[in-house]
Amino acid sequence: MTLLWLVYASGINGYMLPWDKLAQFVVIATAEWFDALPIFGGTLIRNFIAEGAVNDRLWSLLSFIHIGLPLAVLALLWIHTHRVPGANTNPPRAIMVGTSVALVVLSLVRPVTSQGGPADLSAAITTVDLDWFYLPVYALIYRWSPGEVWLLVGGATVLFLLLPWLPPKRRRKAGFHILLHPDNRIIPVRDGEPVLEAALREAVPAPFECRNGGCGECKATLLHGSVDYGLYQDSALTPDERAGGKFLMCCATPLADLEIEYVPTKTPGNVPVRVYTARVMRMKLLSHDVMQLLLKVQGDEVPRFYAGQYINVLLPDGQKRSFSFATAPHERDHIELQIRRVPGGLFTTRIFEEMKEGDTLQFEGPLGSFFLREDSRKPIIFVAGATGFAPVKSMVEHAFHTGMKRKMYLYWGVRSLRDLYLPELPRRWAREHENFAFIPVLSEPKPEDEWTGRTGLVHEAILADFPNLSEHQIYACGSVAMVQTAHPAFVAHGMSEHDCFSDAFKLAPHLRAESAELVQPGGRR
Amino acid sequence: MNAPARYAVQGLLYAAFIAFVGYFANAPTYEPLAPGYALVRLSFSHGAQRKEPCRKRTAEELAKLPPNMRAPLDCPRERSSVIVELEMDGELLYRIVAPPTGLAGDGASTVYRRLTVKAGRHHFRARLSDNVKGEFNYAAERSIDLGAGRALLIDFNAGQGGFLFRM
Ligand SMILES: Cc1cc2nc3c(=O)[nH]c(=O)nc-3n(C[C@H](O)[C@H](O)[C@H](O)COP(=O)(O)OP(=O)(O)OC[C@H]3O[C@@H](n4cnc5c(N)ncnc54)[C@H](O)[C@@H]3O)c2cc1C
Ligand code: FES
Numbered sequence: 001m002t003l004l005w006l007v008y009a010s011g012i013n014g015y016m017l018p019w020d021k022l023a024q025f026v027v028i029a030t031a032e033w034f035d036a037l038p039i040f041g042g043t044l045i046r047n048f049i050a051e052g053a054v055n056d057r058l059w060s061l062l063s064f065i066h067i068g069l070p071l072a073v074l075a076l077l078w079i080h081t082h083r084v085p086g087a088n089t090n091p092p093r094a095i096m097v098g099t100s101v102a103l104v105v106l107s108l109v110r111p112v113t114s115q116g117g118p119a120d121l122s123a124a125i126t127t128v129d130l131d132w133f134y135l136p137v138y139a140l141i142y143r144w145s146p147g148e149v150w151l152l153v154g155g156a157t158v159l160f161l162l163l164p165w166l167p168p169k170r171r172r173k174a175g176f177h178i179l180l181h182p183d184n185r186i187i188p189v190r191d192g193e194p195v196l197e198a199a200l201r202e203a204v205p206a207p208f209e210c211r212n213g214g215c216g217e218c219k220a221t222l223l224h225g226s227v228d229y230g231l232y233q234d235s236a237l238t239p240d241e242r243a244g245g246k247f248l249m250c251c252a253t254p255l256a257d258l259e260i261e262y263v264p265t266k267t268p269g270n271v272p273v274r275v276y277t278a279r280v281m282r283m284k285l286l287s288h289d290v291m292q293l294l295l296k297v298q299g300d301e302v303p304r305f306y307a308g309q310y311i312n313v314l315l316p317d318g319q320k321r322s323f324s325f326a327t328a329p330h331e332r333d334h335i336e337l338q339i340r341r342v343p344g345g346l347f348t349t350r351i352f353e354e355m356k357e358g359d360t361l362q363f364e365g366p367l368g369s370f371f372l373r374e375d376s377r378k379p380i381i382f383v384a385g386a387t388g389f390a391p392v393k394s395m396v397e398h399a400f401h402t403g404m405k406r407k408m409y410l411y412w413g414v415r416s417l418r419d420l421y422l423p424e425l426p427r428r429w430a431r432e433h434e435n436f437a438f439i440p441v442l443s444e445p446k447p448e449d450e451w452t453g454r455t456g457l458v459h460e461a462i463l464a465d466f467p468n469l470s471e472h473q474i475y476a477c478g479s480v481a482m483v484q485t486a487h488p489a490f491v492a493h494g495m496s497e498h499d500c501f502s503d504a505f506k507l508a509p510h511l512r513a514e515s516a517e518l519v520q521p522g523g524r525r
Numbered sequence: 526m527n528a529p530a531r532y533a534v535q536g537l538l539y540a541a542f543i544a545f546v547g548y549f550a551n552a553p554t555y556e557p558l559a560p561g562y563a564l565v566r567l568s569f570s571h572g573a574q575r576k577e578p579c580r581k582r583t584a585e586e587l588a589k590l591p592p593n594m595r596a597p598l599d600c601p602r603e604r605s606s607v608i609v610e611l612e613m614d615g616e617l618l619y620r621i622v623a624p625p626t627g628l629a630g631d632g633a634s635t636v637y638r639r640l641t642v643k644a645g646r647h648h649f650r651a652r653l654s655d656n657v658k659g660e661f662n663y664a665a666e667r668s669i670d671l672g673a674g675r676a677l678l679i680d681f682n683a684g685q686g687g688f689l690f691r692m
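Chains W and A, in that order, give the protein sequences.
Going by the numbering used here, the letters in the first sequence line up with residues 1 to 525, in that order.
Going by the numbering used here, the letters in the second sequence line up with residues 526 to 692, in that order.
Errors might be hidden in some of the hints.
[Stated by the list, open to error] In silico negatives: residues of chain A with every beta carbon more than 12 Å from chain W:
#1 Q574
#2 E585
#3 A596
#4 L598
#5 P601
#6 N662
#7 A664
[Said to hold, decoys possible] Covered by chain W, according to a simulated footprint, are these stretches of chain A (three or more residues, beta-carbon under 8 Å):
#8 533-544
#9 563-570
#10 604-617
#11 632-644
#12 669-679
The hints are simulated quantities; they were obtained by calculation from the structure and are not laboratory data.
Nothing here was measured: the structure is a model prediction, and the numbers come from that model.
In this text, a Cβ means the ideal position worked out from N, Cα and C, and glycines have one as well.
Start from the sequences, fold in the hints, and give me the full structure.
Here's what the structure looks like:
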């Protein structure tokens, strides 16, 4: 409110300085308005009462105010915007340019000129062309009385000041509390806040992955109380599970105090999840449907992450899309993403058709518990399906960087040769590192590929090479279908659940979907 | 929507924005004073007489005071109110009793009043009292031709002999 009034006052002051008819009106009205206050009681107007009264000293004062007020505004604004984290003070550039140009054009077409020659204090102002955006209050001073205008202005100020505390009780609710098991801890939840958010804020080791209702990782049991289930995908929480008292912590907001039980995890290194802004530094088409995106994080601050983790790109409408880091954590200059075009996909289509270098985007991260475990000595088998190669690249480069000596096999499964979008890189790794082997597998090689290598499904190729998987660690990453078929097959061949890490590239839940099979709009109970 | 259409619609919206801002930035005209009327402004700031005259302190009283405060005269600071009456064409236009300002009631009485009158020739009579008894010890009369849209300022300055009519 202080800022608003200072800005208003400096604008009014601006109207005084031309010393034309409008200035006379504004000066006299201001004086008369303030004189209605008991502390002035008629003394202010004496400064402007007659021709001789307006002297140089008064004039210097007005000019001083002309500079002083904006400086005060600037100082307060600076403090104000610094109090708000990540304050966004500019409108989108297009709008900024558009309105600026529009206003410049307007000032040329219809310049504001001074009205009625220099002010003549012995004459009354009979008519004046008012700026109705800025000065309607001044018209009211004479329509009503100055005192009534004070009441209005004062009332409005008080109202605005009270606004944060005033209206509906809905917002006044401080939120709820959750009793957590097995911690046996009580944590507060802010009003409208998802359970997971509150838990993470309180440093509760709650499990999560997508934070978007897609993975089911954050499933917990509701022991007591009721929640708004939020929007999530059916596969993440089946109706049966929901009926059985399960809910997704990332989507659900409490409707009462809750008692819940969850399975705690160790989050990798407690790297905080934050929102970042990044500029698209380079775009390169790696194959017919894979785009390489190099992102420069603003503030030159690449988040610390674990090889294999991913980020959620935040779309303007609030939707999220997940993409894995393709760079290793020691790469501090930029982030690489490898993005496959999904036919009909909202965001990936935008990348291929609209995005240009220099664009900015926001993302949150790092996310995910799919990362290279360095506390084992077993040989590693990487299984990558299509762009599942991205997190594998991050892990392998990280392994080379840290001088890991464990044997590594990379099985990269794609449809045909043209889908093998970076074939030279793993081949080079194999040449340069004797503990690394690369086995590309094509499921549908085309005749023109003249493919002589391995064919079929990628997990079958692995099973053919390693009939017994009990002494290996497996990292599988790719489409849901690939991960879901590979996993039971690996288990059948002796893989221990302990040594299997997988990340299925699920599509984001379609919150606005018409198709009921994909979407579970919960919460309207 | 295809690109040309989008730009056209955007242009249109910007034009509407310009027109809206441009029009209300200095229109419609505002009329603080109706045609055919003139303004009479009564404004002055005048320190009235003290309520009580100064009194000589007795030697006894002086002795009681601390040495640095032994002024021979005791002058109560409070002033009386100023009473002003303004008549136009024989009718009372405005009357005010203006108390002194200041916490101790020792400041000047300030009056400002804005009166709208019909334009034309008027006879003004102003009286002012600045003493405890309420006697009108200043008075002035003047016939003035007040054209429409003119402003008459009635000021008061005791040093210049009382009321001043200024056009
Ligand atoms: C942890 C993780 C990491 C990932 N890493 C990568 C990576 O590194 N590289 C990569 O390329 N991909 C990765 N993915 C996959 C990537 O997130 C998806 O490909 C991406 O979200 C697709 O977004 P989109 O907006 O283009 O498509 P969407 O708009 O989400 O559409 C996806 C598909 O759903 C269909 N669809 C759209 N709307 C509906 C509807 N209402 N009902 C039914 N179907 C609909 C579309 O036709 C399309 O086929 C990852 C996924 C996860 C979960
Ligand atoms: S984190 Fe809740 S469903 Fe993925």
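Hint by hint, here is what the structure shows:
With a cut of 12 Å on Cβ distances, Q574/A stays outside the contact zone with chain W, its closest approach being about 20 Å. With a cut of 12 Å on Cβ distances, E585/A stays outside the contact zone with chain W, its closest approach being about 41 Å. Non-interface call for A596/A relative to chain W: holds, since the shortest CB-CB distance, roughly 30 Å, exceeds 12 Å. For L598/A, the non-interface assignment is confirmed: its Cβ lies about 30 Å from the closest Cβ of chain W, beyond the 12 Å cut-off.
Distance check for P601/A against chain W: the nearest CB is about 23 Å away, which clears 12 Å, and the non-interface claim stands. Consistency note on N662/A: stated as away from chain W, and its beta-carbon is indeed over 12 Å from all of that chain's, at 21 Å minimum. With a cut of 12 Å on Cβ distances, A664/A stays outside the contact zone with chain W, its closest approach being about 22 Å. Judged by the Cβ-Cβ criterion of 8 Å, the stretch 533-544 of chain A is covered by chain W as claimed, because 4 of its residues qualify and three suffice.
With 5 residues having a beta carbon nearer than 8 Å to a beta carbon of chain W, the stretch 563-570 of chain A meets the requirement of three or more and the stated coverage holds. With 0 residues carrying a beta carbon less than 8 Å from a beta carbon of chain W, the stretch 604-617 of chain A misses the three-residue requirement, and the given coverage is violated. Three residues within the 8 Å Cβ limit are the bar, and the stretch 632-644 of chain A against chain W gives 4, so the coverage statement holds. Coverage of a stretch by a chain is defined here by at least three residues with a beta carbon nearer than 8 Å to that chain's beta carbons; for the stretch 669-679 of chain A and chain W the count is 5, and the condition holds.
Checked against the numbered hints listed earlier, the structure breaks hint 10 alone; every other hint is satisfied.
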